[in-house]
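Undergrad: I would like the entire structure built from these sequences, with the hints used as guidance.
All you need for this note's numbering is the position in the sequence shown, starting with 1, plus 133.
Just so you know, these hints were derived from the structure itself, not from any lab. No false leads were mixed into what you were given.
Across the chosen pairs, the derived CB separations fall in these ranges:
| # | residue 1 | residue 2 | range |
| --- | --- | --- | --- |
| 1 | Met134 | Ala175 | 25 to 35 Å |
| 2 | Glu145 | Ala207 | 13 to 23 Å |
| 3 | Ala188 | Ile163 | 13 to 23 Å |
| 4 | Asp187 | Ala146 | 26 to 36 Å |
| 5 | Thr180 | Glu145 | 12 to 22 Å |
C-beta atoms are modelled at their ideal positions from N, C-alpha and C, and glycine is treated no differently.
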Amino acid sequence: MNHTLSILLQNEAGALVRVAGLFAARGYNIDTLTVAATHDPAVSRLTLSLQCDDAGVAQLLQQTRKLVDVLQVAHPATALAA
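TA: Here it is, written out as structure tokens:
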């Protein structure tokens, strides 16, 4: 199943590598990846999509939230279903 995640993270060197490294370490391939500035120059928005089951995305959400540079993680499909 295709999942899209939206991640707000500190605009710091290495932040993107830590997020991508987490996904790679868990064996997930990122299908699309977009990074853009926000209204706050210290914060970037990372939007990515990947193929995984619901249990896998739930685990990735929890682990991504624990990364030091990550401020917020959203899974828009979950918000729409609630």
